[in-house]
Structures are given as structure tokens and as C-alpha cells.
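Visitor: So the protein lines, in turn, are chains A and B. 129 is the number of the first residue of the first sequence in this note's numbering; add one for each residue after it. 7 is the number of the first residue of the second sequence in this note's numbering; add one for each residue after it.
In case anyone wonders, no lab produced these hints; they're calculated from the structure. One should not assume that every hint holds.
What the hints assert, rightly or not - Partial pick of chain A residues on the chain B-facing surface, computed with a CB cut under 10 Å:
| no. | residue |
| --- | --- |
| 1 | Asn137 |
| 2 | Val153 |
| 3 | Ala155 |
| 4 | Thr169 |
| 5 | Val239 |
Being a predicted model, the structure only gives us computed values, none of them experimental. Cβ atoms here follow ideal geometry from the backbone N, Cα and C, with glycine treated the same way.
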Amino acid sequence: MNNTNRALNRILLAITGLALLPAGVLAAGAALVPALAEQWTTVTSGLLERWRHLLATAPAPDPLGSWWALAVPALPLLGAVASVVWLTRQGGGRTGTAALAQDPELGDTAVDVSYLAAAVEEALEGNRAVVGSSLTAWRGRGNRRNKRNTSPKLRLTLQARKGASPREVADLAEGLVSGIDALLGHRSTVLVRIGSGPRTKLARAHRPG
Amino acid sequence: MNQARTNRRIIRRETHSSRAGLSALTAVLVLAACLWLGTESILSLLGQPAMLASPGMTASLIARVPEAVTPAGMVAGGAAVALAGAVLLLAAVTGGRRGRRAMHSDGSALVVDDEAIAAAISRRVRLAANLAPEQVATAVTRNRALVSVRPTSGITVDPEALTAAATDEVAALRLRKALAPHVRIATKGAVGR
Numbered sequence: 129m130n131n132t133n134r135a136l137n138r139i140l141l142a143i144t145g146l147a148l149l150p151a152g153v154l155a156a157g158a159a160l161v162p163a164l165a166e167q168w169t170t171v172t173s174g175l176l177e178r179w180r181h182l183l184a185t186a187p188a189p190d191p192l193g194s195w196w197a198l199a200v201p202a203l204p205l206l207g208a209v210a211s212v213v214w215l216t217r218q219g220g221g222r223t224g225t226a227a228l229a230q231d232p233e234l235g236d237t238a239v240d241v242s243y244l245a246a247a248v249e250e251a252l253e254g255n256r257a258v259v260g261s262s263l264t265a266w267r268g269r270g271n272r273r274n275k276r277n278t279s280p281k282l283r284l285t286l287q288a289r290k291g292a293s294p295r296e297v298a299d300l301a302e303g304l305v306s307g308i309d310a311l312l313g314h315r316s317t318v319l320v321r322i323g324s325g326p327r328t329k330l331a332r333a334h335r336p337g
Numbered sequence: 007m008n009q010a011r012t013n014r015r016i017i018r019r020e021t022h023s024s025r026a027g028l029s030a031l032t033a034v035l036v037l038a039a040c041l042w043l044g045t046e047s048i049l050s051l052l053g054q055p056a057m058l059a060s061p062g063m064t065a066s067l068i069a070r071v072p073e074a075v076t077p078a079g080m081v082a083g084g085a086a087v088a089l090a091g092a093v094l095l096l097a098a099v100t101g102g103r104r105g106r107r108a109m110h111s112d113g114s115a116l117v118v119d120d121e122a123i124a125a126a127i128s129r130r131v132r133l134a135a136n137l138a139p140e141q142v143a144t145a146v147t148r149n150r151a152l153v154s155v156r157p158t159s160g161i162t163v164d165p166e167a168l169t170a171a172a173t174d175e176v177a178a179l180r181l182r183k184a185l186a187p188h189v190r191i192a193t194k195g196a197v198g199r
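Chain A with its partners taken away, still in its complex shape (with noise of 0.2 Å):
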């Protein structure tokens, strides 16, 4: 669970997508059907006219020619930038706060995850129905404009014995957030997740009784 911006993601990929499908649609069918690649040749080559109308335009000093030729190199680097936004909207959002209060007489005070993983990890102790547990914190969106708000959010995961029944574990689960809950001292946000990892296939089989 991170902070990952999906709606963005779908967008961008929609676009890039709808640019290269008919793209490619084209460069095939101008192959196999002889007047579309005469379509091609006309359609490409009065652009490249226009494109020569334009740089005249606006004459530029010698080296540069026309002031038009500086968005050739305008562009891609514009295109560069915004791929370099969208790799970095990829994830984040992680954070060791399981919780934090601010009070301006006492001070700030926050709870480590690390301990809350400490005590889950104590409470599963010599339990048959789970192998393996871990918790992680992460806050959610909108935690920029008011830090103050926005409590971090827990994140459970609870690895099931093989053959386990998922609604022992989730009973479980919840015994462990009201736990959680307690202590912090407050109600937090906590997603669970009852999985089956690599440690569930070391463990042996859930046994009867």
C-alpha cells in the first residue's frame, strides 16, 4: 500500500496507448495497401513544407536559422521532464510513524512501528493457524497540505498456515487491532491482509486438532 497516483497511471498509459495503436495500425496498413502509402508520402511530405514555411517565419542569427528550430530540442526535453515526474509518482508514502500526537504544552510523541510489530510478533507466539506476520505504516493522500490530520495508516499482513481457516485468522486479526487500538490509545485505520507467503509453503500443513 503506498501513495501511488492510479488514476494518473491509467490515464498515461491510455494515452501512450491510444498514440501507438493507431500509429502502428497505420505504418501496417500503409504496407499492405499501396494507396494509403501514397496517402502517407503526400500527407508527411506537405507537413514537412509547412514545417519549412514556418522556420521562415521567424529568421533567426546564422546558426540557428529560425527561432522555430529551438522547440525541436524544446520538446522532447519537455517530454523527458514529465516522464521523470511520472517515474517519481511511483509509490512512497512509507513511513516507521505508527502514530503520532502533537499537543503544543506536552510536545510531540510517536509510536515507532517497529514496537507495534514487536507486540504482534509477541501475541501470534506459539500460535498454529499463522507462520509469519509483519506491519507497516504508510500515510494516506492528501497529508501534504495538512500533516496534522492525517494519522498513519497500519498495515497487517498475517501469513495463514496452509490449509488454515482464513475467518480463525481474521478473528484473530481482529483481537490484534483492538489490541493495537489499545495501545495507542486510539481507533487507527488498519487494513489486514490474510495471505499466503513463501513461509506458508516451509511450514507444514495445518493438522487437525
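Since the structure of chain A is already known, use the hints to place chain B on it.
Guide: Leaving out everything else, chain B in the frame of chain A:
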């Protein structure tokens, strides 16, 4: 702050792909293309020799592509580009469901892996029919749990009892969306069990 709405939102995010991997790949490719084009155009502005082809050469090449490239190459290249575009478009439009689903819960957002559900159903059916672990396999699809049972040779199993066991296990899970179990018993039995 509405807790139920927050829970619904994080369950949705946990059970569906963020498309981060494909986005990162696309962004890297676009970045590489843009950097190459940018470098070439700056080189040509400075009057330096091009690395591969100057923007002018690239433009005139694109204009002459139907004559310069063989039809077979054109079709193959065009199909590859169109396919990549279709994959990106599909990834943008389709749901991207991961093999997990939501369970009912009082306060927290509860998500369970399909694999864990399959293992639990298999175990329950196996105990109901008194079979060895490798005789029962379960696959969980979008809204069905397909249980395939390979009975021991010479011993009949009651399909209704097994269906009841599977249905019971699914009902106990209290999933947010129904999952219908289907038990299929193989006609060939396992020998020596």
C-alpha cells in the same frame, strides 16, 4: 472522516493493481526516446555530427518510410507497435484484479488471498472425505471455487457431502462477495491409498 469509506477505498487499492510497474516501464522508454531526440536536436543546432540521425534526417525518413522499408518489415513493425499500444490501452481500461478478496469485518479492512481460501477449502473437503492431501486441489477464480477430488480406487465418495463441506467452509469465511464452490470428482481413482 468516514471510517467505512476509508476501508472501502483501501480494500479496493489492496485488491487491484496500481499499474506502477507498467507505468514505470513506459515512463523509462518515453524518457529514453525523449533524451535521444533532445540530444540529437541540440547536436544539430550546434552543427555537430549526429549520433544516429539528426531530426531532419529522421523526419525525411519517416516521410519516405513506405518506399524505404520492405512491406513485410513494415507490417511486422507496425503490428508490434500496435500490439504494444493495445496492451497499454487494455492495462489502462481493465480492472486489474489481484488474487485477493475482501471479508466482512466490524472495524478493520480485511483482505484474504485466494490461495489461502483455496487451501482452507481443500483441507475441509479432504477431512470430510477422509482423503490424502494430494487427492484434493482447489482453484479459486473470480466468483467460483473449483474443487477437484481424486477419490481412492474402489471407495465411492458422496459428492453432496463434499459440496456441503465446501459450501460450509466458504460460508464461514463471510466474504463480501459470494463465492460458489463446485466440486468435481474424477472418474479415475488413485491407487494404493
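Visitor: Restraint: Thr169 of chain A near chain B, CB-CB cut 10 Å. Satisfied or not?
Guide: Cβ of Thr169 of chain A sits 6 Å from chain B, so the hint holds.
Visitor: Is the interface hint for Val239 of chain A satisfied, with its Cβ closer than 10 Å to some Cβ of chain B?
Guide: With Cβ-Cβ at 18 Å, over 10 Å, it is violated.
Visitor: Given a cut of 10 Å on the nearest C-beta pair, is the interface hint for Val153 of chain A held or broken against chain B?
Guide: This interface hint holds because 5 Å falls under the 10 Å limit.
Visitor: Would you check whether Ala155 of chain A satisfies its interface hint, that is, whether its CB is within less than 10 Å of any CB in chain B?
Guide: Nearest chain B Cβ about 3 Å off; hint holds.
Visitor: At a threshold of 10 Å, is the proposed contact between Asn137 of chain A and chain B supported by beta-carbon distances?
Guide: With Cβ-Cβ at 4 Å, under 10 Å, it holds.
In summary, the structure is inconsistent with hint 5 from the numbered list given earlier, while agreeing with all the others.
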